[in-house]
Amino acid sequence: MSAVPTAANAQLLLAVDGVTVDFDGFKALNGFSMTLDRGALRVLIGPNGAGKSTLCDTIIGRVRPTSGNVYFKGEDITHLPEYQIVQRGICRKFQTPGVLSSLTVLDNLLIAARSDRRWWRSMTAAASPAERARANEVLEQVGLIERRDMLAGELAHGEKQWLEIGMVVATDADLLLLDEPTAGMGPAETSRTAELIHSLLGRHAVLVIDHDMSFVEQLGGRVTVLHQGQFLKEGSVAQIRQDPDVAAVYLGRSEH
Amino acid sequence: MTAARPLLRHVWLVFLALAAVAPWIVSPYELSLLGRFLALSILALGLVLVWGEAGILTLGQGVFFGLGGYVLAMHLKLAPLTPGEIPDFMTWSGRSELPWWWQPFTSPRVAMAAVIVVPGVCAALFAWAVFRRRVVGVYFALITQALALCFATLLVSQQESTGGFNGLTDFSTLLGFDLAAKGTVWTLYWITVAFVTLSFLGLRWLMRSRFGTMLRATRDGENRVRFLGHNPTPYKVVAFTISAMLAGIGGALFTLHAGVVSPALVGVVPSIEMVIWVAVGGRGSLWGAVAGTLLVNFAKDEISSALPDAWLYVLGLVFILVVTLMPRGVAGVIEDVFRRLRPVSPGGKVAAITSPAGGTP
Chain G
-1 MSAVPTAANA QLLLAVDGVT VDFDGFKALN GFSMTLDRGA LRVLIGPNGA GKSTLCDTII
59 GRVRPTSGNV YFKGEDITHL PEYQIVQRGI CRKFQTPGVL SSLTVLDNLL IAARSDRRWW
119 RSMTAAASPA ERARANEVLE QVGLIERRDM LAGELAHGEK QWLEIGMVVA TDADLLLLDE
179 PTAGMGPAET SRTAELIHSL LGRHAVLVID HDMSFVEQLG GRVTVLHQGQ FLKEGSVAQI
239 RQDPDVAAVY LGRSEH
Chain Z
242 MTAARPLLRH VWLVFLALAA VAPWIVSPYE LSLLGRFLAL SILALGLVLV WGEAGILTLG
302 QGVFFGLGGY VLAMHLKLAP LTPGEIPDFM TWSGRSELPW WWQPFTSPRV AMAAVIVVPG
362 VCAALFAWAV FRRRVVGVYF ALITQALALC FATLLVSQQE STGGFNGLTD FSTLLGFDLA
422 AKGTVWTLYW ITVAFVTLSF LGLRWLMRSR FGTMLRATRD GENRVRFLGH NPTPYKVVAF
482 TISAMLAGIG GALFTLHAGV VSPALVGVVP SIEMVIWVAV GGRGSLWGAV AGTLLVNFAK
542 DEISSALPDA WLYVLGLVFI LVVTLMPRGV AGVIEDVFRR LRPVSPGGKV AAITSPAGGT
602 P
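Here the protein sequences line up with chains G and Z, keeping their order.
Residue 172 in the numbering used here sits at position 174 of the first sequence, and the numbers go up by one each step.
For the numbering used here, add 241 to where a residue sits in the second sequence, where the first one is 1.
Keep in mind that the hints were calculated from the coordinates and are not lab data.
A virtual CB, placed ideally from N, CA and C, is assigned to each residue, including glycine.
Please note that a few of the clues may not be correct.
Far from chain Z, some chain G residues (derived; all Cβ distances over 12 Å) [as the list claims (entries may be wrong)]:
(1) G59
(2) E80
(3) A154
To be clear about the criterion: a stretch of chain Z counts as covered by chain G if any three or more of its residues have a C-beta under 8 Å from a C-beta of chain G, and this derived list gives those stretches [what the hints assert, rightly or not]:
(4) 444 to 451
(5) 456 to 467
(6) 475 to 482
All chains, full assembly: derive it from the sequences and hints.
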């Protein structure tokens, strides 16, 4: 797979090229490659232990690959420190809600929206009007504007998930990684989350990890299937549903 | 922040006025104690920043307290001497000339600057090395405790240049003023009150700035902050350094009030006691930390003179009770009472509540 990007391919945002992650002999990812265009949606599915979260960890620099590279906007980001990767425009929502519980909902978003990240500026500079506007805009988008002044720790579980999606959005990253954004949500909250993600496309590319198939169907978009750390299939939701290989490793167990 | 409790907002002014007129009200002995304990409360204020706000439990604050104290004490030992003379304890230990690292402290200006600079630089280097390696929580606490042990052991072992177990004592003058004179004692007391006030106001400003928000954010979820594109290390290093500088100032003022600095004041046990003052007062509250320091230390003075053996047991019991029954300390209890008295806060904002002391480090 020729994933190394060229300047000619301006639409290409992310390229994961032959990444292997070896945890003491266990290959969580094994020569995995994929690409993602600007503003596009991609859903990543696979059975437990397929390497979905490890892929996210690798992209954001939490885990360093044994071999292979990650390119973002044509730049090799494989070995950058995490916060620099974020500053290039990738932001991730973790599986368990990672909101800052003793801060208000608004402060959570203001930290995410803060564009000047030099620490000494934090002593003198208050949030700029642009940052406040952006935070409020995101609050509207994720439906938490009423909860603005509440402590994040007092939100309901689903609201925490939305807040964290909001934080990821507020960074204005070009690529959002959403790791199981509907974990612990009921059907109504799940479909609202799907709508929310759709409203983000275009401005942001979104990579969603989930294994709730009804949610994946609501999302639509292209699906990549991961199995034992390797690429298995890619296609539309319908194609993936029909695929015998996928059914064998994954859907078969939950659908029948 | 304080919209819901206007009474508490200005109550510190009353205490400040009381503290300022204390020399006319209390006995010289009580004033001496109050001066010492207020000096200690400067250190406690620093702990609110590093432990309460940033969630970094440090069990080595005695080191920076000691550095500030010793640096000033070295000058106090040198001040009455003529050039070429060396402090008496060095002669007794068989030394004939001043160690090179004592030389700069002949100058009172160097010594006073060093009270802040030495703990600050040591803390910054230490914190940068440790936080950069992402050592957090209990591991960090253990390292700081080991640091306190090393520091106290080093002081004891270098008898001929540090005064060993007895430390440095028997001071007479500072900047030409007689330290035993009433005027000097009172002035030192007011200087201490001024430092407490400045530290209080400075930290309050810092905690309300975005810097404070970033510290609380780091406490709640260091990884979340990192993956929002902020590097949490400098925030933690700066908070730790500021608290060490305040500990140094506290140590120097304490040394002046008590007339002594010794390893017994800076080792592992005192370092743990410092954390207990703040736990009792409330680690999330600046005035709570000052109150806790005064409360615990006056109690210590009373109890150890009545029942000398009982103090450590009482302290241990108090610590257990505070941790289990009032995790936000005295300040938390009082704030809760005030909130109950004023159930309807303007705008109905829950955010007015000071951050709970959740997320044990």
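Going down the list of hints, with the structure as the test:
The non-interface label for G/G59 is inconsistent with chain Z: the shortest C-beta to C-beta separation is roughly 9 Å, within 12 Å. The beta carbon of G/E80 sits about 5 Å from the closest Cβ of chain Z, which is not more than 12 Å, so the claim that it is off the interface is violated. Every CB of chain Z is more than 12 Å from the CB of G/A154 (nearest about 14 Å), matching its label as outside the interface. Under the rule that three or more residues need a Cβ within less than 8 Å of chain G, the assignment of the segment 444 to 451 of chain Z holds, with 3 such residues.
For a cut-off of 8 Å, the count of residues in the segment 456 to 467 of chain Z with a CB near a CB of chain G stands at 9, and the three-residue condition holds. Residues of the segment 475 to 482 of chain Z with a Cβ under 8 Å from some Cβ of chain G number 3, which satisfies the need for three, so the listed coverage holds.
Violated hints, in rising order: 1 and 2; the structure is consistent with all others.
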